[in-house]
Amino acid sequence: MDPTIPHEKLTGALRRQSVKKNVAAIHVSGKLTLLQRKLSNVLLLNAYDTLVTRNKHQIDAQTLCMMVGYNSNDMATLKQSLRSLAETTAEWDMLDSNGRQEWGVSALLSYAKLSGGVCEYAYSPALAEKLHDPKVFALINLNIQRRFTSGHALALYENCYRFVRTGSTGWWPIELFRRLMGVEGSAYYESFKHLNAKIIKPAVAEVNKTSNILITPELHKMGRQVSDVRFLIKENPQLAMLDIDDGEALRQGPVYGHLMELGVSDRLARQWITEHGEAYVSEKISYLKGRGPVDSPVGYLRAALRNDYKAASSPEPTPKAKEAAVQRQKRNLAVDNVEAKRATVVEEERKARAAIMARVGEIVDSRSPTQRDADRRLFLAWLDDELLKSEFSRLGWKAALCAKEMRAFWSEMIPDAFEETS
Numbered sequence: 000m001d002p003t004i005p006h007e008k009l010t011g012a013l014r015r016q017s018v019k020k021n022v023a024a025i026h027v028s029g030k031l032t033l034l035q036r037k038l039s040n041v042l043l044l045n046a047y048d049t050l051v052t053r054n055k056h057q058i059d060a061q062t063l064c065m066m067v068g069y070n071s072n073d074m075a076t077l078k079q080s081l082r083s084l085a086e087t088t089a090e091w092d093m094l095d096s097n098g099r100q101e102w103g104v105s106a107l108l109s110y111a112k113l114s115g116g117v118c119e120y121a122y123s124p125a126l127a128e129k130l131h132d133p134k135v136f137a138l139i140n141l142n143i144q145r146r147f148t149s150g151h152a153l154a155l156y157e158n159c160y161r162f163v164r165t166g167s168t169g170w171w172p173i174e175l176f177r178r179l180m181g182v183e184g185s186a187y188y189e190s191f192k193h194l195n196a197k198i199i200k201p202a203v204a205e206v207n208k209t210s211n212i213l214i215t216p217e218l219h220k221m222g223r224q225v226s227d228v229r230f231l232i233k234e235n236p237q238l239a240m241l242d243i244d245d246g247e248a249l250r251q252g253p254v255y256g257h258l259m260e261l262g263v264s265d266r267l268a269r270q271w272i273t274e275h276g277e278a279y280v281s282e283k284i285s286y287l288k289g290r291g292p293v294d295s296p297v298g299y300l301r302a303a304l305r306n307d308y309k310a311a312s313s314p315e316p317t318p319k320a321k322e323a324a325v326q327r328q329k330r331n332l333a334v335d336n337v338e339a340k341r342a343t344v345v346e347e348e349r350k351a352r353a354a355i356m357a358r359v360g361e362i363v364d365s366r367s368p369t370q371r372d373a374d375r376r377l378f379l380a381w382l383d384d385e386l387l388k389s390e391f392s393r394l395g396w397k398a399a400l401c402a403k404e405m406r407a408f409w410s411e412m413i414p415d416a417f418e419e420t421s
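Every letter in the sequence shown is one number past the one before it in numbering that gives the first Met the number 0, and letter 400, counting from 1, is 399.
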């Protein structure tokens, strides 16, 4: 079952989508599965705003199951996972407020219970204080967490991402690394050859493919034995869009404003700036403006970015070059006519989509709160495209990218619902 859940169904801290993980408390002993590790992050996110002011926290059990990826009725698996978190310890070793070294250990959950469809749980006061400490934390984005398929990869990501600003984790003794990966005590992984082949290489590959950072392992040897490992870290521009905290900063720049003026969508503008950098995008905007008015500025700009078009000065053209320029102009006019026709089609599609979205809004407004919750869950399960699921999870019924699917969904639910928009 897909673990995404419509954003508007979430309340309080769960709407934030990012959970603060204290760097000391990330050091978790025990062997958590991928889903148990995800469960731990979702519970922390749910509790974060009242972590030190309340001694217990609650979340709807079915919502919790959906966010983590369990079947919403699979209470047996949820119980087992909560039991594992209560049996797993977190350990910290850090300087206290007076500059003295402080070591501590606590169960991840001091207790958890399920009653009346509600999951209630608590952290020990000492661990709650460390988890809520604003001085040293990493942001674990739940949108990124959902993409992981390996518990070892997610554990490596959590432990590397907090060092993204410094560019390196620093050297970890191999014994500590085994603990962080949950394989300490395993005779098989005492061999670095096995540890590297089965844990490090696959986890690094998944972090680089799945998350908003790129990591590179480096090894240090004592004699012939590998004694320490560290990971060099840099941002992954291809997947930086997954980090929702980056969007506002990009929107403040002048390049983003120029892209908006040209009619580029918010999502595409942020993607181009993230992938190419502001300087490169600005250069191509200048190139586009130097060509004069065009019928499809977004299309021309896309081509300029992809093919690295450059404005070049040249000597007085020869007659042959002038003739070639005339022919190019004719071809461009033909292209412009095609683009104009295409723009007309696009505008007609936009109007049709707007009509669908307006009707969907009317239908949703007419439903009771209970029906709306059920409708969102049903539609999310009905979608089979991951991009559409992600878009709907983010925007709900305002996700215009899903307009076609929304029409089909509501047409099945309410026959003739779109008769006036046809």
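Hints listed in this document are in silico derivations from the structure and should not be mistaken for laboratory results.
From the three backbone atoms N, C-alpha and C, an ideal C-beta is built for every residue, glycine too.
Some clues are possibly wrong.
Stated by the list, open to error - Cβ-Cβ distance ranges computed for the label pairs, FRET-style:
1. Thr165 to Lys309: 14 to 22 Å
2. Met412 to Ala106: 30 to 38 Å
3. Ala106 to Thr165: 24 to 32 Å
4. Gln370 to Asp415: 54 to 62 Å
5. Trp381 to Gly166: 39 to 47 Å
6. Ser114 to Glu90: 43 to 51 Å
7. Gln370 to Glu119: 24 to 32 Å
8. Asp372 to Gly289: 37 to 45 Å
9. Leu386 to Met259: 41 to 49 Å
10. Glu90 to Arg53: 20 to 28 Å
11. Asp73 to Glu361: 51 to 59 Å
12. Glu418 to Met259: 34 to 42 Å
13. Lys112 to Lys233: 30 to 38 Å
14. Glu90 to Lys112: 40 to 48 Å
Unchecked claim - When the alpha-carbon atoms are kept at most 27 Å apart in a straight line, the in silico DSS-like pairs for lysine-lysine are as follows:
15. Lys288 to Lys30
16. Lys220 to Lys197
17. Lys233 to Lys220
18. Lys200 to Lys233
19. Lys403 to Lys288
20. Lys208 to Lys233
21. Lys288 to Lys233
22. Lys192 to Lys208
23. Lys388 to Lys208
24. Lys388 to Lys309
25. Lys309 to Lys350
26. Lys200 to Lys220
27. Lys233 to Lys197
28. Lys197 to Lys55
29. Lys309 to Lys288
30. Lys55 to Lys30
31. Lys388 to Lys403
32. Lys309 to Lys30
33. Lys197 to Lys112
34. Lys197 to Lys208
35. Lys30 to Lys192
36. Lys112 to Lys78
37. Lys192 to Lys220
38. Lys388 to Lys350
39. Lys55 to Lys78
Status of the hints after comparison with the structure:
Under the hint 14 to 22 Å, the C-beta atoms of Thr165 and Lys309, about 37 Å apart, miss the expected range. At about 46 Å, the beta-carbon gap between Met412 and Ala106 misses the expected band of 30 to 38 Å. At about 30 Å, the CB distance of Ala106 to Thr165 agrees with the hint of 24 to 32 Å. Our hint of 54 to 62 Å for Gln370 and Asp415 is violated, since their Cβ atoms are close to 19 Å apart.
A hinted range of 39 to 47 Å for the beta carbons of Trp381 and Gly166 is consistent with their spacing of about 44 Å. A hinted range of 43 to 51 Å is violated for the C-beta pair Ser114 and Glu90, which are about 31 Å apart. One distance hint, 24 to 32 Å for the beta-carbon pair Gln370 and Glu119, holds here, with the actual separation near 27 Å. Checked against the hint of 37 to 45 Å, the C-beta distance between Asp372 and Gly289 comes to roughly 53 Å, which is inconsistent with it.
Take Leu386 and Met259: their Cβ atoms lie about 23 Å apart, and the range 41 to 49 Å is violated. The supplied range of 20 to 28 Å is met by Glu90 and Arg53, whose beta-carbon atoms lie about 24 Å from each other. Between Asp73 and Glu361 the beta carbons are some 36 Å apart, a value that contradicts the proposed interval 51 to 59 Å. Glu418 and Met259 have their C-beta atoms about 36 Å apart, which keeps the hinted 34 to 42 Å range intact.
The hinted range of 30 to 38 Å is not satisfied by Lys112 and Lys233, whose Cβ atoms lie roughly 43 Å apart. Roughly 25 Å separates the CB atoms of Glu90 and Lys112, a value that falls outside the hinted 40 to 48 Å. This hinted pair does not check out: Lys288 and Lys30 have alpha carbons roughly 57 Å apart, beyond 27 Å. Of the supplied pair hints, the one linking Lys220 and Lys197 holds, its CA atoms being roughly 20 Å apart against a limit of 27 Å.
Distance restraint check for Lys233 and Lys220: the Cα-Cα separation of roughly 24 Å lies within the 27 Å cut-off, and the hinted pair is therefore satisfied. Under the criterion of a C-alpha separation no larger than 27 Å, the hint pairing Lys200 with Lys233 is consistent with the structure, at around 17 Å. For the given pair, Lys403 sits about 35 Å from Lys288 by alpha-carbon distance, which is inconsistent with the 27 Å threshold. As the CA atoms of Lys208 and Lys233 are separated by approximately 13 Å, the hinted pair is consistent with the 27 Å bound.
Among the hinted pairs, Lys288 with Lys233 is inconsistent with the structure: their alpha-carbon atoms are about 34 Å apart, more than 27 Å. Simply put, Lys192 and Lys208 have alpha-carbon atoms about 23 Å apart, close enough for the 27 Å limit, and the pair holds. Among the hinted pairs, Lys388 with Lys208 is consistent with the structure: their alpha-carbon atoms are about 20 Å apart, no more than 27 Å. Under the criterion of a C-alpha separation no larger than 27 Å, the hint pairing Lys388 with Lys309 is inconsistent with the structure, at around 38 Å.
Under the criterion of a C-alpha separation no larger than 27 Å, the hint pairing Lys309 with Lys350 is inconsistent with the structure, at around 36 Å. For the proposed pair Lys200 and Lys220, the alpha carbon gap of about 18 Å is at most 27 Å, so the pair holds. A hinted pair counts as satisfied when its Cα atoms are at most 27 Å apart, and Lys233 with Lys197 qualifies at roughly 23 Å. Between the alpha carbons of Lys197 and Lys55 the distance comes to roughly 39 Å, so the proposed pair goes past 27 Å and is violated.
At roughly 12 Å between alpha-carbon atoms, Lys309 and Lys288 fall within 27 Å of each other, so this suggested pair holds. Among the hinted pairs, Lys55 with Lys30 is consistent with the structure: their alpha-carbon atoms are about 25 Å apart, no more than 27 Å. Proposed proximity of Lys388 and Lys403 is supported: the alpha carbons are some 13 Å apart, at most 27 Å. Distance check on the hinted pair: Lys309 and Lys30 sit about 54 Å apart at the alpha-carbon level, beyond 27 Å; violated.
Distance hint between Lys197 and Lys112 is unfulfilled; the C-alpha atoms sit about 36 Å from each other, more than 27 Å. Simply put, Lys197 and Lys208 have alpha-carbon atoms about 17 Å apart, close enough for the 27 Å limit, and the pair holds. With a CA separation close to 21 Å, the supplied pair Lys30 and Lys192 stays within the 27 Å bound. About 8 Å separates the Cα atoms of Lys112 and Lys78, which keeps this hinted pair within 27 Å; it holds.
With a C-alpha separation of about 13 Å, the suggested pair Lys192 and Lys220 falls inside the 27 Å cut-off, and the hint holds. At most 27 Å may separate the alpha-carbon atoms for a hinted pair to count; Lys388 and Lys350 meet this at roughly 23 Å. For a cut-off of 27 Å, the pair hint linking Lys55 to Lys78 stands: about 17 Å separates their Cα positions.
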